[in-house]
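Protein chains in written order, with this note's numbering: chain A, 1 to 313; chain B, 1 to 295.
No lab work stands behind these hints: they were computed from the structure. Don't be surprised by glycine CBs; every beta carbon is placed ideally from N, CA and C. Hints are supplied without guarantee of correctness; some may be wrong.
Listed below are the simulated DSS-like cross-link pairs for lysine-lysine, each with C-alpha atoms no more than 27 Å apart in a straight line [claimed, not checked]:
#	chain 1	residue 1	chain 2	residue 2
1	A	K124	A	K219
2	A	K124	B	K32
3	A	K229	A	K219
4	A	K229	A	K124
5	B	K29	A	K124
Covered stretches of chain B (chain A as the covering partner; in silico rule of three or more C-beta atoms under 8 Å from a C-beta of chain A) [said to hold, decoys possible]:
#	region
6	133-140
7	231-237
8	251-264
9	276-286
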Amino acid sequence: MLMFLARRLLQLLPTLFFVSVIIFGLQQLLPGDPALAMAGEERDPAVLDQIRRQYNLDQPIYLQYFYWIGGILTGNLGESMRLKESVFTLIAQKFPVTLQLALMAIVVSLSVGVTAGIISAVYKNTRLDYAVNVLALTGISTPNFWLGIMLIFLFSVHLGWLPASGYVSPFEDFWMSMKTTILPAFVLGNSFAAVLMRHTRSAMLAAMTSDYVRTARAKGLAERIVVLKHAMRNALTPVITLGALELGTLLSGAVLTEQVFSIPGFGKLIVDSVFNRDYAVVQGVTLVTATTYILLNLAADIAYVLVNPRLRE
Amino acid sequence: MAAVADTAKSIEAAAGDESPMARAWLRLKRRKSAMFGLGVVILLILVAVFAPLISPFDPAQQAYAFVRKAPSWRNWLGTDESGRDILSRVIWGARASLLAGVVSVAIALGLGVPIGILAGYSGGWTDAIISRITDALLAIPFLILAIALAAFLGPSLTNAMIAIGVTATPIFIRLTRGQVLVVKTEDYVEAARAVGNNPLRIAFRHILPNIMPALLVQASLTIAAAIIAEASLSFLGLGQQPPAPSWGSMLNTAQRFLNNAPWMAIWPGVAIFSTVLSFNLLGDGLRDALDPKER
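Chain B extracted, bound-state conformation (with noise of 0.2 Å):
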């Protein structure tokens, strides 16, 4: 938290140069809907690192003498079906999810920006190639390629967060390869090719630099769509595996118990929803307070 507080500081007091990262911090904070995406997604993520302090009980632990118990003073939220905490398991489960939101994300930005890079930079058959695989990734729907890459890989969270970061590739992919094309024709792209810099060099020294703004927008998006679909493919039984709490699967054995403790269902679900939420409020901010043709 201090170091954000640090961050946000810092980036204030370089307002006053009136650096772009500084106009854009301005214009976001000045979106109450980002801001409160962004306190959200912050608390998040102090929940999941904190779990273990906060968490008034064990996530594993069962207790046969409080079996679907209505919420109470014990157990804030109420109980599940084994007499565990669903406080602490939705708690806990903010770790799985934050998880595989941005490990998801980082895999896609990590294999997604350098294939992008080259498709963008070298042209010609490369990137006739690496197109036509990009857009035969983008033909098979989102989650039906994510159950399918963790149904072979078999079901787990690690193989569930590598499936949708690899579906999540091919978006990473076009989206660089498209704003590499634009920025290649730039003057000083142009120069520091004249004065014989390399071509890796002009990629990230002075290419990715200027994307970055919009792979951060569609970093924040595809964040709240990896945590949708970690949930879903757990939801399915695909993801993080019982007793391990993860919020798609208490949905998954709370849709069993509807008739009699409907509280299993609600919690777990509204914490996707707000993750999810904030995620997307915090993606449109930024896309407004980035996007140049605001500016």
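Same shape as in the complex, but just chain A (with noise of 0.2 Å):
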């Protein structure tokens, strides 16, 4: 097991080391001189010398990326323009609001999607079969924030049960706290719902037509005994690991949601800078969105191992 960590950690940094390259080589797409396009309406020279330095513009590329690469790797993520205060700071304010969506999402959507998947599995080319899987196609293909907008109209608009907008931290009152995110949290988790559905339903079909369900069956054990207990706790140890892979699915579905939404969280954070030309909050939110997606596949790999010992050698 500890071969096998030392081994993924491993495979691990080249892609961070490439995904570190490709963040900063954004700042070689703005057209123009960089620390111009930089300082906005700002045309002071002195200014333009002062982010030439703090972005060590007039040295040779390679240097500025070692510059930019130690201060990250010494958790220094550069500084916001526009708010004067480090990326790290503010990226650390924004995480726990888009945490506490995305956990809700995934709430949402493991209830949902593994629910259906389930279901579909078992009735399979039934009517309730096929209800789910366009119930999922549809999931796939609604834009998220379409769907927000639209519940925004029934739920806030039309029937007023639940506020438009707005965040209430789940530590100053809970109960406000859910009734401003459940709706955001049903929209972030409505697609990944889909994908889980889909990935349950397959790894179900090819559980029960596998050996120890036949043995199951045959040992006279009553039908839900079987899917549940048999079945199903076989097959939700893939979908885990596929789950994971679309946790960016997630991760790119927030920025969106709390845009219609409101929610000051990372997604409008990293909006919010992009309108602002606040670049090094858009490369750090970047950065730190690749760098959490990274290390949640490692973990679900690790999960994947601990449960299957088979994987370890």
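Relying on the hints, combine the two individually framed chains into one complex.
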């Protein structure tokens, strides 16, 4: 297991290196003088000079990269031009908000997606199966910002049950926090649920035709026990790994969901920074998102190996 | 349309010869949902091409006497905050969406397929480096990378298409590389090498045609993802710039008028949904029809 872990961590290094090169390279896409682009409306030569020095723009490009990555490795992601605060602090402030939203979305999508997938596999090729499949395809094809707008229209504007936007921390007021995040969590979980449903269905179909399920049936066990105890337990393991690969969808979706519901999280931070030409924040958020995603995948891999000892060798 | 019908006819005629494409087309034709998807896609292409002829109004024409009017005989889908006709804007918006879907997938194919063939065919260090860069690109969530690219390139429809295309490229690199690894050990590739063909000729004459089905399936599913991505970028203000019509930016504006003009938010969303659904249905159908396991 230790060997596996060491090998897996070593494999991460080149990926992380190239991620950092790509994100650093984004800066080179800025048209013209990057200092001028970063300064926005500001044309004061002193300010431009300060930007050049701060970002080492007067140095050769490989040195610029080393300064940049050196800063990041020591926890310095740069400073926000607009908010005059360190990018690290900004991200640390916004991260818990997105995390809460993502966790709630995962709960929604696991309960809806896995249940639907199991039902669909057990009742394969029946009307119920087709209905669940149509629902999943609808979920994948609905842009989540539109779903968000429609739900705001129904639940906030029309029925007046839930607030249309805003965010309250669960530590301030738990119920209010749930009220402000339940719609966004549902919207965010929607397409993820659809993907999970498809994975669960195919994994369950494979499990249902396996030898151990046939044995369980032959023993005369009740169908409910065969499905829930024998088939489902084995089918869910690959679903978890495949699910982890789709977490990127969730992080992407958070950007739009937070924008629709005006939730001050990670996604809103990156969009606001884009419009204020706050490039250090855009790079910082992209880097942190990619690293989070890579680590989540590593965690899923480890979990997969832990429950499946045959893979350890 | 005539061209499509002709192609269909010639494919049907070829079915007697039992060519793999003809068999795949027959299998595709049996799938009602895929044919429905194909029908809607063709209809959308027609709407986009003939937008100037079928849209009842100029999509940018403002009419302050008709601001935020509910659907009526004059404006079937209502009007927006500047009195512009929503039906006309939805029709013209199809151009931006389809263009974005097709162009970004073309960029992704154009970059991804040659790089994937290079990685899969040459192996060794070239493959290792290309694969690690692909891993890195895939590690950055799709929309976040597209937003970051669009942010640095500057907001416009062209830049959004470039951003989405580049973001989708690693999917095609990985797919092509994997397919090449499978195909390259086949006897016919070995034979082509043995008779002294150069690697470039082997790649394009012998390998590419054999990985086409997989690329076709992925392309149609990626068009669906690219259309959602374009709508998302336009919704965020990073795609098509106003007053040019696009479904995403229409939804962005509509959000501010949910209280008194909900129709502004309904139709652009229905348009995105049905377009994406059709490409997904077509892609799923193609996958089933072209999957070698089904043969």
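Results for each hint:
1. A:K124 <-> A:K219: holds (23 Å)
2. A:K124 <-> B:K32: Holds, at about 19 Å.
3. A:K229 <-> A:K219: Between K229 of chain A and K219 of chain A the Cα gap is close to 14 Å, so the pair holds against 27 Å.
4. A:K229 <-> A:K124: holds (19 Å)
5. B:K29 <-> A:K124: holds (23 Å)
6. 133-140: holds (count 6)
7. 231-237: Satisfied; 5 residues make the cut.
8. 251-264: holds (count 6)
9. 276-286: holds (count 5)
In summary, the structure agrees with every hint in the numbered list given earlier.
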